[in-house]
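**Q** Here are the chains, one letter per residue:
There are 4 protein chains.
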Amino acid sequence: MPFSTRLKVRFGDADPAGLVYYPVIFHYFHIALEEFFAECCGISYDRLIADERLGFPTVKSEAEFFVPLVYGDEVEITVSVSKIGTSSAVFEYRASRVSDHALCARATNIHVAMNMDTRRATPTPDKYREAFERQSGE
Amino acid sequence: MPFSTRLKVRFGDADPAGLVYYPVIFHYFHIALEEFFAECCGISYDRLIADERLGFPTVKSEAEFFVPLVYGDEVEITVSVSKIGTSSAVFEYRASRVSDHALCARATNIHVAMNMDTRRATPTPDKYREAFERQSGE
Amino acid sequence: MPFSTRLKVRFGDADPAGLVYYPVIFHYFHIALEEFFAECCGISYDRLIADERLGFPTVKSEAEFFVPLVYGDEVEITVSVSKIGTSSAVFEYRASRVSDHALCARATNIHVAMNMDTRRATPTPDKYREAFERQSGE
Amino acid sequence: MPFSTRLKVRFGDADPAGLVYYPVIFHYFHIALEEFFAECCGISYDRLIADERLGFPTVKSEAEFFVPLVYGDEVEITVSVSKIGTSSAVFEYRASRVSDHALCARATNIHVAMNMDTRRATPTPDKYREAFERQSGE
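Chains as they are written, first to last, in numbering that gives the first Met the number 0: chain A, 0 to 137; chain B, 0 to 137; chain C, 0 to 137; chain D, 0 to 137.
For reference, chain A alone in the conformation it holds in the complex (with noise of 0.2 Å):
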């Protein structure tokens, strides 16, 4: 099973057409990603680069928007590892509307695992990519 998340839909997310502004999905993939480290990393994102200076900003990303997201929807995210290299891996993201379970989104992302003094990439430490393989197994 990949690591699921819920969110809501807030009413500053949406635009004035009623629908999800497409780069706050980006922003749900994102907190996806933090619930991520903590629940299957054993650190929260937060220590990660405070305690380690270590963080995984997005070099690449490719999404697809199927179903707009509207104010009052609740949205599960799942996330899976489906890519890693030396320094970097390849998260795949779907957002998911819960009363009906309509795909919504979805993203490939690469992450790049980066010192957060130099920002410049260093290899993945080998406990992070043993969790991401845990995750990897779709």
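Some clues are possibly wrong.
Identical copies go unnamed one by one, so any copy, or any two together, can satisfy a pair.
Claimed, not checked - Lysine-lysine pairs mimicking DSS-like chemistry, simulated, CA-CA at most 30 Å apart: (1) LYS126 x LYS59; (2) LYS59 x LYS7; (3) LYS59 x LYS82; (4) LYS126 x LYS82.
Hints listed in this document are in silico derivations from the structure and should not be mistaken for laboratory results.
We have chain A; now place chains B, C and D onto it with these hints.
**A** Frame of chain A, contents of chains B, C and D only:
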């Protein structure tokens, strides 16, 4: 010459790592789309929605982030149209740092003409197709 | 006991200084208002707007920020109603850090019942006045 | 003449009610503060933080929202300083709609000079006190 517009990275746009949070870069691209409509299509995006009940939501996005934008950067965003379908169009966005012209991010987005009342795709009106064509000769 | 809800400070909520950008704290208060409606008023804020064409925009806010919230904090927000007028109500919000109960921010906001079609003030329907009264006995 | 700057209400700034979500108006005031530093204080706010490790977070805000801003509006924001203390200053912000000069919102914010390393209040350096004084003669 493709259409371009400039904006400044604001304090609230950058994250605790000091870099522009990547969902905000999609927000920048949308701001550039709004300016594109006002400058190249003869109508502001807000009047398009309000008066013609027409919008151009993003249904697919493929983006790369090459160089981090940081608080204080000024950004130039170019917008051009690489493909025009009946009710969709492919827009190319490039975000460069003004100080040294470094290409920081790019995106290829498919926008679909949507009737804002029915929330269904609709053929792009000729006047906007023609405006898109004028911006497609990169 | 006043109504309360919890949320987590997200990566995108904090600014380059590492602190939650103060406009985001007002966003947190609005999220708490949305939860307040769902839990205490028998209707979600989105259905209130969609079905009853009623909203409660803020017309006045007086806020203090005592202790910075930082990325990784969990926040508890309490909501209570300190005054109820014909078409307005005064809401009290308090944001505390869960880890040590430190009061980080508070706001006193005047919300006005607004008909979303006419965008004019309207008397607060009795059922919501009664719900507000139930939350006013601090 | 108080300092002023203009900005446009963006699609992503407005909520499902079609109005600018009120936390975004505080974001506008912060943008105006950033422009105020660049124009009136001889340093951009980002350099102030990066080079002098000095920021001016908001510790108190009192705001009123008179007329809703809507998507498509252009806004003029004036900034002046009404009181200058040792390590704090009271800033006055006014947001007017450019089309008809309607005063839409105002805020009185207390900003405190903060050392970004210690996160403690620090006396405002003389050069900034003097700049604030030049903008205080409303």
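**Q** Confirm or reject each hint.
**A** We went through each hint and held it up to the structure:
no.: 1; hint: LYS126 x LYS59; in the structure: within (23 Å within a copy, 34 Å between copies)
no.: 2; hint: LYS59 x LYS7; in the structure: both (26 Å within a copy, 23 Å between copies)
no.: 3; hint: LYS59 x LYS82; in the structure: both (14 Å within a copy, 22 Å between copies)
no.: 4; hint: LYS126 x LYS82; in the structure: within (16 Å within a copy, 45 Å between copies)
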